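Q: Spelled out, the chains give:
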Amino acid sequence: MSAIEPFYFGANEALFGIYHPASGTPRNRAVLIAGPMLNEYMRSHHAIRQCAIQLAANGFDVLRFDYQGMGNSAGQLADRSLSDFADDIVAAADELRSLSGQQRLSLVAVRFGAALSSRLGDSAEIDTAVFWDPIFVGADWLAELRLTQRQEEEKHGPGLFDPDLEFQGHEVSSRFVQELSGVSAGPVDAARRIAIATRPISVAGAADSSFEDSIEVDFDCRWSTLTSQVIFAHEVVDKICSSMA
Amino acid sequence: MLGAHRELFALTSLPADLSHDVGVVILSAGLLHNVGPFRLHMDLARTLARHGIAVLQLDQSGKGESESRTGLSLTESVLLDYDDVMQEFHRLGIKRTILMGFCSGADDATVIALNRDSVSALVLLDGYAPKSAWHYYKRKLPKLLSPSAWRNKFTQVVGGLRGSPGSSQDTEFISIRNWEGEVEMMARYTNILSQGRPILSIFSGGTSYYYSGGQLSEKLNVRAGSAPLEEVHFAETDHTYSIVQHRRMLINTIDAWVRRFLTELNE
Chain A
1 MSAIEPFYFG ANEALFGIYH PASGTPRNRA VLIAGPMLNE YMRSHHAIRQ CAIQLAANGF
61 DVLRFDYQGM GNSAGQLADR SLSDFADDIV AAADELRSLS GQQRLSLVAV RFGAALSSRL
121 GDSAEIDTAV FWDPIFVGAD WLAELRLTQR QEEEKHGPGL FDPDLEFQGH EVSSRFVQEL
181 SGVSAGPVDA ARRIAIATRP ISVAGAADSS FEDSIEVDFD CRWSTLTSQV IFAHEVVDKI
241 CSSMA
Chain B
1001 MLGAHRELFA LTSLPADLSH DVGVVILSAG LLHNVGPFRL HMDLARTLAR HGIAVLQLDQ
1061 SGKGESESRT GLSLTESVLL DYDDVMQEFH RLGIKRTILM GFCSGADDAT VIALNRDSVS
1121 ALVLLDGYAP KSAWHYYKRK LPKLLSPSAW RNKFTQVVGG LRGSPGSSQD TEFISIRNWE
1181 GEVEMMARYT NILSQGRPIL SIFSGGTSYY YSGGQLSEKL NVRAGSAPLE EVHFAETDHT
1241 YSIVQHRRML INTIDAWVRR FLTELNE
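Read top to bottom, the protein sequences are chains A and B. Everything in the first sequence is counted per the working numbering, starting at 1 for the first residue and increasing by one. Everything in the second sequence is counted per the working numbering, starting at 1001 for the first residue and increasing by one.
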């Protein structure tokens, strides 16, 4: 029988999620995965799925989901603002607590999912938060996105897209860009915070020690490139799962 | 989740006003999951559903959210996946399909069509095309006139003589795709068309290794009374239509063709 439960949830059942009930010795903890955005979502889907499967086998109930405007969730990216995506994470956390019966959650946040989940501690008690190549400063990511788009413009010539409103193959709103440039978040409030880094992390207030542990992995995810190449990051997935234990 | 063990993932967009007993099945695109590259499959599914057409986004066994089938050949697995889809479609009152396949999915679509009468039409993205003399000259002539290309070739030959590995991009691409010989591949297309099942074959700019335009039609031995083959070349795009405008163009082309096919079917 299938180990996963795909379903729609949230207001107007707009959010698509996949629930992995714990199959190993129950840990009485549930893990929410706040994934990345834009093309990083597609490329990391396999790794995130493997992570969820491994965590469930280790005894955790796991929920991963698609932000509205992405994946199989409703809507279009171009109609959404950053706070909408943060609300999706809060809705997913509520759903996970309802499904699992666990009040205390753990979090895996990937790339910009880290900044988007920074408010989660206001509404949920977070035990362990593990971050994969987290982005906390929106302007840093925006600079990367713009550089990639300028390179695409050089390749294809001008006029094919607006390099300030189309990033990694997706259209976004001008509000999204404006909000992104002003984002300067810190990691979510959690009992333990661990960073898994394949590249340098931009953290608001970089001088402070935001993580209890920071693990470097020698693997190039090539996040900034406009490619469909699937990221097979087994070592990263193993580190995430062992950090959760 | 479909199948006896509920291990095959499929997402169905079912319009409230289902107008046809033909549904579209979008197969896996390479290693990507059912959403498709840059959300192509999701956006196409919703576009078609708005026109009263049921669409199923499938993760074939071993891809995306679906578990692998063990102990089976690739063809057996592909056909069993399709049979599970048809069981679901029958439950919804859908009896026939238009199969859409991208890259390796295009190859799977032709295999399914050859073995299952319920496939009514095919939409193939970056599917097979035979090389033609014109493609050879279009691709090779610039290299013959380029000093740097000669330099690279010399280096490659010397490296080969020294025993270092070398591979042409063409060979790697074709070996990944697991194509049979030209005679066998063209026979597939001829058989499908001669059974009255039309094909829309779209090639992106990402196929320049083997495609430069019109090669399928040029070499196809189409018999009188066969269904039409429509061949489209979007030379300016990349393989996965990463630019939004290109993706919209692709979706509009597929949408228009599917609706035209269904209209003609109902006449």
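Calculated directly from the structure, the hints in this document are not laboratory data. Take these hints with a grain of salt, some might be off.
Claimed, not checked - Distance ranges between label pairs, derived from CB positions:
{"no.": "1", "chain 1": "A", "residue 1": "Ser-242", "chain 2": "B", "residue 2": "Pro-1228", "range": "22 to 28 Å"}
{"no.": "2", "chain 1": "B", "residue 1": "Thr-1253", "chain 2": "A", "residue 2": "Asp-162", "range": "20 to 26 Å"}
{"no.": "3", "chain 1": "B", "residue 1": "Ser-1217", "chain 2": "A", "residue 2": "Glu-153", "range": "32 to 38 Å"}
{"no.": "4", "chain 1": "B", "residue 1": "Trp-1179", "chain 2": "A", "residue 2": "Glu-235", "range": "22 to 28 Å"}
{"no.": "5", "chain 1": "B", "residue 1": "Pro-1015", "chain 2": "A", "residue 2": "His-234", "range": "54 to 60 Å"}
{"no.": "6", "chain 1": "B", "residue 1": "Thr-1190", "chain 2": "A", "residue 2": "Gln-178", "range": "42 to 48 Å"}
Unchecked claim - To spell it out: a stretch of chain A is covered by chain B in this simulated footprint if at least three of its residues, at any positions, have a beta carbon under 8 Å from a beta carbon of chain B; those stretches are:
{"no.": "7", "region": "23-34"}
{"no.": "8", "region": "37-49"}
{"no.": "9", "region": "134-142"}
{"no.": "10", "region": "168-175"}
Unchecked claim - Negatives, chain B to chain A, calculated, CB over 12 Å:
{"no.": "11", "residue": "Gly-1030"}
{"no.": "12", "residue": "His-1033"}
{"no.": "13", "residue": "Gly-1036"}
{"no.": "14", "residue": "Leu-1040"}
{"no.": "15", "residue": "Asp-1043"}
{"no.": "16", "residue": "Met-1185"}
{"no.": "17", "residue": "Thr-1237"}
{"no.": "18", "residue": "Val-1244"}
{"no.": "19", "residue": "Leu-1265"}
A quick note: this is a predicted structure, and the numbers were derived from the prediction, not measured. C-beta: ideal position from N, C-alpha, C; glycine also.
Q: Residue count check for the region 168-175 of chain A against chain B: does it reach three with CB-CB under 8 Å?
A: holds (count 3)
Q: Non-interface claim for His-1033 of chain B: all C-beta distances to chain A beyond 12 Å?
A: 5 Å, violated
Q: Classify the label on Val-1244 of chain B as holds or violated, using whether its beta-carbon is more than 12 Å from each beta-carbon of chain A.
A: 5 Å, violated
Q: Once the closest CB in chain A is found, is it more than 12 Å from Thr-1237 of chain B?
A: 10 Å, violated
Q: Could you tell me whether the CB distance from Pro-1015 of chain B to His-234 of chain A stays inside 54 to 60 Å?
A: 41 Å, violated
Q: If you check the beta carbons of Ser-242 of chain A and Pro-1228 of chain B, does the distance land in 22 to 28 Å?
A: Hint violated: Cβ distance 57 Å, outside 22 to 28 Å.
Q: Examine each Cβ of chain A, and state whether all of them lie more than 12 Å from the Cβ of Leu-1265 of chain B.
A: Non-interface label stands for Leu-1265 of chain B: nearest chain A Cβ at 29 Å, farther than 12 Å.
Q: Do at least three Cβ atoms from the region 37-49 of chain A come closer than 8 Å to Cβ atoms of chain B?
A: holds (count 5)
Q: Far enough from chain A: is every CB of that chain over 12 Å from the CB of Leu-1040 of chain B?
A: Violated, because the least Cβ-Cβ distance between Leu-1040 of chain B and chain A comes to about 10 Å, which does not exceed 12 Å.
Q: Do the beta carbons of Thr-1190 of chain B and Gln-178 of chain A sit within 42 to 48 Å of each other?
A: Given about 56 Å between the Cβ atoms, the range is violated.
Q: Minimum C-beta separation from Gly-1036 of chain B to chain A exceeding 12 Å: can you confirm that?
A: 8 Å, violated
Q: Counting residues of the region 23-34 of chain A that have a beta-carbon nearer than 8 Å to any beta-carbon of chain B, does the count reach 3?
A: violated (count 0)
Of the numbered hints listed earlier, those contradicted by the structure are 1, 4, 5, 6, 7, 9, 11, 12, 13, 14, 15, 17 and 18.
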